[in-house]
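Novice: Residue-level listing of the chains:
Protein chains: 2
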Amino acid sequence: MRTSQLFISTKKEAPAEAELLSHKLMLRAGLIKRLGSGLYTWMPLGLRVLRKVEAVVRSEMNTAGAQELLMPAVQPAELWQETGRWDVFGPQMLKITDRHERQFCFGPTHEEVITDIARSELRSYKQLPANFYQVQTKFRDEIRPRFGVMRAREFMMKDAYSFHASFESLQQTYDVMYGAYSKVFTRLGLQFRAVAADTGAIGGSGSHEFHVLADAGEDLLAYCPTTDYAANVELAEAFAPSAPRAAAAAAMTEVDTPKQTACADVAALLGVGVERTVKAIALVTVAGEFVLALLRGDHNLNEVKIAKLEGMADFRFASDDEIRAALLCPPGFIGPVGINADIRVIADLTVAAMSDFICGANKPKLHLSGVNFGRDLPEPHIVADIRNVMNGDVCPDGKGGVLELCRGIEVGHIFQLRTKYSEAMNCVFVTEQNTQQAMEMGCYGIGVSRIVAAAIEQNHDAKGIIWPAAMAPFSVAVVAVGYHKSEAVKAAADQLYAQLLAAGVDVLLDDRNERPGSMFADMELIGIPHRVTIGDKALAEGMVEYVARREGEMKKIALSEALEWIQTQTKA
Amino acid sequence: MRTSQLFISTKKEAPAEAELLSHKLMLRAGLIKRLGSGLYTWMPLGLRVLRKVEAVVRSEMNTAGAQELLMPAVQPAELWQETGRWDVFGPQMLKITDRHERQFCFGPTHEEVITDIARSELRSYKQLPANFYQVQTKFRDEIRPRFGVMRAREFMMKDAYSFHASFESLQQTYDVMYGAYSKVFTRLGLQFRAVAADTGAIGGSGSHEFHVLADAGEDLLAYCPTTDYAANVELAEAFAPSAPRAAAAAAMTEVDTPKQTACADVAALLGVGVERTVKAIALVTVAGEFVLALLRGDHNLNEVKIAKLEGMADFRFASDDEIRAALLCPPGFIGPVGINADIRVIADLTVAAMSDFICGANKPKLHLSGVNFGRDLPEPHIVADIRNVMNGDVCPDGKGGVLELCRGIEVGHIFQLRTKYSEAMNCVFVTEQNTQQAMEMGCYGIGVSRIVAAAIEQNHDAKGIIWPAAMAPFSVAVVAVGYHKSEAVKAAADQLYAQLLAAGVDVLLDDRNERPGSMFADMELIGIPHRVTIGDKALAEGMVEYVARREGEMKKIALSEALEWIQTQTKA
Numbered sequence: 001m002r003t004s005q006l007f008i009s010t011k012k013e014a015p016a017e018a019e020l021l022s023h024k025l026m027l028r029a030g031l032i033k034r035l036g037s038g039l040y041t042w043m044p045l046g047l048r049v050l051r052k053v054e055a056v057v058r059s060e061m062n063t064a065g066a067q068e069l070l071m072p073a074v075q076p077a078e079l080w081q082e083t084g085r086w087d088v089f090g091p092q093m094l095k096i097t098d099r100h101e102r103q104f105c106f107g108p109t110h111e112e113v114i115t116d117i118a119r120s121e122l123r124s125y126k127q128l129p130a131n132f133y134q135v136q137t138k139f140r141d142e143i144r145p146r147f148g149v150m151r152a153r154e155f156m157m158k159d160a161y162s163f164h165a166s167f168e169s170l171q172q173t174y175d176v177m178y179g180a181y182s183k184v185f186t187r188l189g190l191q192f193r194a195v196a197a198d199t200g201a202i203g204g205s206g207s208h209e210f211h212v213l214a215d216a217g218e219d220l221l222a223y224c225p226t227t228d229y230a231a232n233v234e235l236a237e238a239f240a241p242s243a244p245r246a247a248a249a250a251a252m253t254e255v256d257t258p259k260q261t262a263c264a265d266v267a268a269l270l271g272v273g274v275e276r277t278v279k280a281i282a283l284v285t286v287a288g289e290f291v292l293a294l295l296r297g298d299h300n301l302n303e304v305k306i307a308k309l310e311g312m313a314d315f316r317f318a319s320d321d322e323i324r325a326a327l328l329c330p331p332g333f334i335g336p337v338g339i340n341a342d343i344r345v346i347a348d349l350t351v352a353a354m355s356d357f358i359c360g361a362n363k364p365k366l367h368l369s370g371v372n373f374g375r376d377l378p379e380p381h382i383v384a385d386i387r388n389v390m391n392g393d394v395c396p397d398g399k400g401g402v403l404e405l406c407r408g409i410e411v412g413h414i415f416q417l418r419t420k421y422s423e424a425m426n427c428v429f430v431t432e433q434n435t436q437q438a439m440e441m442g443c444y445g446i447g448v449s450r451i452v453a454a455a456i457e458q459n460h461d462a463k464g465i466i467w468p469a470a471m472a473p474f475s476v477a478v479v480a481v482g483y484h485k486s487e488a489v490k491a492a493a494d495q496l497y498a499q500l501l502a503a504g505v506d507v508l509l510d511d512r513n514e515r516p517g518s519m520f521a522d523m524e525l526i527g528i529p530h531r532v533t534i535g536d537k538a539l540a541e542g543m544v545e546y547v548a549r550r551e552g553e554m555k556k557i558a559l560s561e562a563l564e565w566i567q568t569q570t571k572a
Numbered sequence: 001m002r003t004s005q006l007f008i009s010t011k012k013e014a015p016a017e018a019e020l021l022s023h024k025l026m027l028r029a030g031l032i033k034r035l036g037s038g039l040y041t042w043m044p045l046g047l048r049v050l051r052k053v054e055a056v057v058r059s060e061m062n063t064a065g066a067q068e069l070l071m072p073a074v075q076p077a078e079l080w081q082e083t084g085r086w087d088v089f090g091p092q093m094l095k096i097t098d099r100h101e102r103q104f105c106f107g108p109t110h111e112e113v114i115t116d117i118a119r120s121e122l123r124s125y126k127q128l129p130a131n132f133y134q135v136q137t138k139f140r141d142e143i144r145p146r147f148g149v150m151r152a153r154e155f156m157m158k159d160a161y162s163f164h165a166s167f168e169s170l171q172q173t174y175d176v177m178y179g180a181y182s183k184v185f186t187r188l189g190l191q192f193r194a195v196a197a198d199t200g201a202i203g204g205s206g207s208h209e210f211h212v213l214a215d216a217g218e219d220l221l222a223y224c225p226t227t228d229y230a231a232n233v234e235l236a237e238a239f240a241p242s243a244p245r246a247a248a249a250a251a252m253t254e255v256d257t258p259k260q261t262a263c264a265d266v267a268a269l270l271g272v273g274v275e276r277t278v279k280a281i282a283l284v285t286v287a288g289e290f291v292l293a294l295l296r297g298d299h300n301l302n303e304v305k306i307a308k309l310e311g312m313a314d315f316r317f318a319s320d321d322e323i324r325a326a327l328l329c330p331p332g333f334i335g336p337v338g339i340n341a342d343i344r345v346i347a348d349l350t351v352a353a354m355s356d357f358i359c360g361a362n363k364p365k366l367h368l369s370g371v372n373f374g375r376d377l378p379e380p381h382i383v384a385d386i387r388n389v390m391n392g393d394v395c396p397d398g399k400g401g402v403l404e405l406c407r408g409i410e411v412g413h414i415f416q417l418r419t420k421y422s423e424a425m426n427c428v429f430v431t432e433q434n435t436q437q438a439m440e441m442g443c444y445g446i447g448v449s450r451i452v453a454a455a456i457e458q459n460h461d462a463k464g465i466i467w468p469a470a471m472a473p474f475s476v477a478v479v480a481v482g483y484h485k486s487e488a489v490k491a492a493a494d495q496l497y498a499q500l501l502a503a504g505v506d507v508l509l510d511d512r513n514e515r516p517g518s519m520f521a522d523m524e525l526i527g528i529p530h531r532v533t534i535g536d537k538a539l540a541e542g543m544v545e546y547v548a549r550r551e552g553e554m555k556k557i558a559l560s561e562a563l564e565w566i567q568t569q570t571k572a
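So the protein lines, in turn, are chains A and Z. Going by UniProt numbering, the first residue of the first sequence is number 1, and it counts up by one from there. Going by UniProt numbering, the first residue of the second sequence is number 1, and it counts up by one from there.
In case anyone wonders, no lab produced these hints; they're calculated from the structure. Treat each hint with caution, since some may be false.
Note: identical chains are not told apart, hence a pair may lie in one copy or across any two.
Stated by the list, open to error - Below, simulated DMTMM-like cross-link-like pairs (lysine to aspartate or glutamate); rule was C-alpha separation at most 20 Å, straight line:
1. Lys95 / Glu142
2. Lys12 / Glu121
3. Lys24 / Glu121
4. Lys11 / Asp461
5. Lys555 / Asp536
6. Lys11 / Glu121
7. Lys126 / Glu82
8. Lys485 / Glu541
9. Lys52 / Glu68
10. Lys420 / Asp87
11. Lys571 / Asp536
12. Lys11 / Glu514
13. Lys363 / Glu254
14. Lys126 / Glu514
15. Lys24 / Asp461
16. Lys259 / Asp320
17. Lys365 / Glu121
18. Lys463 / Asp397
19. Lys490 / Asp87
Take the sequences, apply the hints, and build the full model.
Specialist: Shown next, in the form of structure tokens:
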């Protein structure tokens, strides 16, 4: 394609509302355009990228034996009422009332619709397993949509759903899909990691997330460089310290901490390590119970883990007023010593193994040192793993490795749903023994539009985007400097362009009448992997200039060898 | 692909709610599955057809210089308020309220969104013309969705929008798009007709519809076999009779018509042609005025034409009670003679040239014969073309031809919108003279999902669908009779299948363990254009059987020549 036939709209600055780098670059490169909150138009250049991602996803889904179909975006409420999710899904579901006052939603996901299809179309074990997928527009009414297409309200998703006569069959397909997902992200040229994941609101048992690794990622991932262990920090197990709790050695003493509320500041004041401190976090359960969670000063609460303890589902953090009412102390100085015996204390495994520790005194501007369970306060009511793992923690797989942490952007998620939906919707089949049985189900999602943003978070520099080969809107840019002034440049550029097209190379000829610097800046911002510059000066010597977007070093090559050179580069 | 890997779900009977043949066949062939009223899932086999249509549409849009983008399905109300269509569009627009109580719609069309993009991205005459298209899911909340995907609520549409610095530029692109549409339907192998059309609610000036010709079509089209004139009957002009009104010759006489209310019955009773009769149709304007329209007995009222007369927009038919109140006569015997002078009479051109005609007497069970304007009743208040053209009418292009009528299914519609939207939304550009001017606009729609149903209406027989080559889900079916029993059949089928795949032929190998009759019936119902049957008996002589779906005659060909034979057939 020629730039003169392509709508290009690059901008020097991104709008102020764009916070995330990928969002800024997508707006500046003119890949997307905002229509409203969480609503984006994919402009011609951006759509080329999106379609390339789609094509790779389709190809691997087909290879994995999944069959493409296309379900409606608009779904009747009745189906969601069968699984109880009409009320449970929450305000993220965009509900719609039609002209006949019937209720629908703009589908945020399609478990109910596909299960409705399966229960009427799949009747016998002979028809199982079956695996269906679609690439489709979905809508989730995020309370505060942001980060562009990374967390848009309307977005493009590949969702697949598999149906099975047995759990073994589900596990087989799950493994095949795990492999297919790995191939998708490998083919797209992305650094990614598959991690064990929490199953959350979708329900079911086993689950893995696929993350594109990037510093801006919302998720924290733990992995072991020496084994294949990898898990979302939400899920990664933290072990108790290997040494048992030491005996009390110090006396409990009040220490003045006039301005020190954070554990690190208290430790610094006392000249000890922060790992000698314990912090208390005040929580309130849905039943209204006030609960105190104890963590080592340098540890962080894992909200997913603690929510799984009895009575803790959907807990919230206590307000300052609630803390004062329960502990008679302002936040910043609270602790587990001397509190009302009715208050449930949940200690992390690490805290339970500590002795002679430092914690808030439950008195303004005071902390306590030399605190010991059993002597200065009762043993905690509950001892459990409620913290996030940290760099250097023992890997939970028991193979002796040590965990490292990194950040990721979730772009894929696979679930073993088991019979959660099939039982609720009576999606049964006739077994070989002529009995009826609920189907085992799996579901498998890829955030197609989010991948585009995630790829940019991982692949960019100060000049703009650096597309991996498989996602680039064009593979090669031929920049013709002086196309409208120099016959020689025009002839050489037109010829190379035609040769590349004939060789099947996805090439963009920049034939605009712009300053060279502006053309280079556009091609760099847009992120085209290979650039050939044709200008009068080099051309006089039969040469053109080649630059790889990622490396950035200019190399002169003979015009006569340019075709072969580019073919070699783009095949690499 | 193999049928063992493809979800096929054919049915002997279609559900009772399916009225239209294409709807029945699509359900029976398992191309679509109903989710709710006007909501259909495209099953794997149906989606293959839909994607083939999409691919042809995309290819021709790209060739025509249109650039693909993808706008959100969900659109903010504010944009529609700018053009005033938020209130005007009516209940077909599916309105949505989000969690923040902001109003949106599920886009029924995208003029507002694309104009919003154009006004911020296209600033100068140098950027014009520009032509953008998308292939996208749309929603129109039809009051009574029916006919399957022919008139679904959620459907797939290709919509393009062009922007211009001048009307001449718009006309050029309009002509290019007219040509591209013709190529699309030609490539899809459909018999179609482009007709001049009314611009309706979208607004603007020139407009053409593209119709797939089929007896079940909702639209009536008029065309001239000897010239290139073609128009929707809504629009086709009917001329006044060439001879002036003859002088009155008969006296006005009451005739008993005890049971005759229809003009044809009255004419039969009197032993004269129905073209001697005049029927009166009672209408009520939006202002509440009672109006009488006069048409020749064998002519039909053209509601689009009469609605364009002053005060007649959005008229409705009068109720029986309103007729009795205004004319003091029951329906069936009403006429223009002796009525209240306040009642406006609109006569068709043909009626105004009639003399000695027959009409209702405005008295129960009586008609009048020998009626004449100017003598028995006043000249009509308005004389205008308000009827549908008929077979044999003079062609309005003045070239002396005669009109014929046929039925069509509207699958495409192109409009010259002019500045209707650009003026309402301040979509202006800077001209070469440095002045500001509203852009000229065109819009161009294709009902992608409707094409699938329309193709079936045009291409079917008692056995099922007969796909045109370009739309077939598979080009060739290799039916292996006894695949699981005969080594020879399996070997021959596998080999031919592999050869066809390698040759790039879109082939389906039917390797199911079913009765031959059932496999043949499925392939015929599904409509695969070419079928090769491999069975033990013919194979013993080195032969296979070939049948073209449309012709239906079996032909034996040598297995060794089967590949070449099929390649020849599929390229034809």
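Novice: Hints numbered earlier in the text: which of these fail when held up against the supplied structure?
Specialist: Of the numbered hints given earlier, those the structure breaks are 7, 11, 17, 18, 19, listed in rising order.
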